[in-house]
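Participant: Read top to bottom, the protein sequences are chains H and E.
1 is the number of the first residue of the first sequence in our numbering; add one for each residue after it.
1 is the number of the first residue of the second sequence in our numbering; add one for each residue after it.
It should be emphasised that the hints constitute simulated quantities derived from the structure, not laboratory data.
One should not assume that every hint holds.
What the hints assert, rightly or not - No farther apart than 30 Å at their CA atoms in a straight line, the calculated lysine-lysine pairs in the DSS-like style are these:
#1 E:LYS101 - H:LYS70
#2 H:LYS71 - H:LYS9
#3 H:LYS71 - E:LYS101
#4 H:LYS57 - E:LYS101
#5 E:LYS49 - H:LYS57
#6 H:LYS9 - E:LYS49
#7 E:LYS49 - E:LYS69
#8 E:LYS69 - E:LYS101
#9 E:LYS69 - E:LYS58
#10 H:LYS71 - E:LYS49
#11 E:LYS101 - H:LYS9
#12 H:LYS70 - H:LYS9
#13 H:LYS57 - H:LYS70
#14 H:LYS57 - H:LYS83
#15 H:LYS83 - E:LYS101
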Amino acid sequence: DGGITQSPKYLFRKEGQNVTLSCEQNLNHDAMYWYRQDPGQGLRLIYYSQIVNDFQKGDIAEGYSVSREKKESFPLTVTSAQKNPTAFYLCASSIGPVSFYEQYFGPGTRLTVT
Amino acid sequence: AQSVTQLDSQVPVFEEAPVELRCNYSSSVSVYLFWYVQYPNQGLQLLLKYLSGSTLVKGINGFEAEFNKSQTSFHLRKPSVHISDTAEYFCAVRMSGGYNKLIFGAGTRLAVHP
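Use the sequences and the hints to build the structure in full.
Facilitator: Right under this line is the structure:
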């Protein structure tokens with residue numbers, strides 16, 4: 001089955017610690033994305049990558065970092081500089097960067113920082 | 001700046017009743033429009049999309065939406081809802097050209113009661 005895997009589903013961390021969220025896809029998609037979801041605010045784009053070894057900041061990149069060393073993997077690190085890291089994080093991918101293509105979403109990781 | 005407004009944060013409805021979830025967008029250029037559904041603690045699933053052509057779009061699970069360019073709206077409708085339709089629904093807009101960035105509304109929580 002092709003799809004997007006995010007692990008773990010729930011993640012707990014202490015304030016001041018960096019944490020890395022995993023996102024893997026076996027759809028052979030070129031483009032990958034990270035969104036943050038907060039209640040009542042919809043989804044906001046953190047980072048996106050249109051091709052391996054390249055990525056761009058989205059609307060709320062501060063306090064986050066990413067890498068794209070492999071086509072199938074796009075991990076997100078939530079650093080201690082992110083002031084409100086507790087949220088639901090969604091990874092997505094699409095066949096290509098051209099605006100025609102649908103984005104497919106993973107099941108999400110709920111991060112709680114205390 | 002482009003934006004998406006979902007006019008109702010919550011819509012309660014009885015089973016087998018019709019429902020309309022409203023979505024308006026602001027954009028001066030051509031857009032592509034999407035409706036996604038999210039079940040609790042899961043990722044987003046595409047319901048339907050408008051790219052071009054007929055303004056009435058049919059999607060999965062019996063949902064349909066109508067693109068109205070003059071009113072910049074893309075309302076989602078279903079003639080008879082089921083308990084299983086209880087979920088959060090997101091309207092999203094993507095501008096033609098440029099990179100594959102989706103702008104999401106804040107979401108509408110549909111609660112279907114027996």
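Participant: Can the restraint linking LYS101 of chain E and LYS70 of chain H be considered satisfied, given a maximum Cα separation of 30 Å?
Facilitator: With a Cα-Cα distance of about 21 Å, the restraint between LYS101 of chain E and LYS70 of chain H holds, given a limit of 30 Å.
Participant: Given the hinted pair LYS101 of chain E and LYS9 of chain H, is their Cα-Cα distance within 30 Å?
Facilitator: It holds: about 25 Å lies between the C-alpha atoms, which stays within 30 Å.
Participant: Does the structure keep LYS49 of chain E and LYS57 of chain H at a Cα separation of 30 Å or less?
Facilitator: holds, 26 Å
Participant: Compare the distance between the alpha carbons of LYS69 of chain E and LYS101 of chain E with 30 Å, and conclude whether the hinted pair is satisfied.
Facilitator: holds, 20 Å
Participant: Hint check: LYS57 of chain H vs LYS70 of chain H, CA-CA at most 30 Å. Holds or violated?
Facilitator: The hint holds at about 18 Å.
Participant: Taking 30 Å as the top limit, are the C-alpha atoms of LYS71 of chain H and LYS9 of chain H close enough?
Facilitator: holds, 22 Å
Participant: With a cut-off of 30 Å on the C-alpha distance, tell me whether LYS70 of chain H and LYS9 of chain H pass.
Facilitator: At roughly 22 Å apart (the allowed maximum being 30 Å), LYS9 of chain H and LYS70 of chain H satisfy the hint.
Participant: With a cut-off of 30 Å on the C-alpha distance, tell me whether LYS49 of chain E and LYS69 of chain E pass.
Facilitator: holds, 15 Å
Participant: Check whether the Cα positions of LYS57 of chain H and LYS83 of chain H lie no farther apart than 30 Å.
Facilitator: holds, 17 Å
Participant: Has the given pair, LYS9 of chain H with LYS49 of chain E, been kept, meaning a C-alpha gap of at most 30 Å?
Facilitator: Holds - the C-alpha atoms of LYS49 of chain E and LYS9 of chain H are around 28 Å apart, at most 30 Å.
Participant: Just to be careful, I want the Cα atoms of LYS83 of chain H and LYS101 of chain E compared with a cutoff of 30 Å; is the pair within it?
Facilitator: holds, 24 Å
Participant: What's the verdict on LYS57 of chain H and LYS101 of chain E, does the C-alpha distance respect the 30 Å limit or exceed it?
Facilitator: holds, 11 Å
Taken one by one, the earlier hints all hold for this structure without exception.
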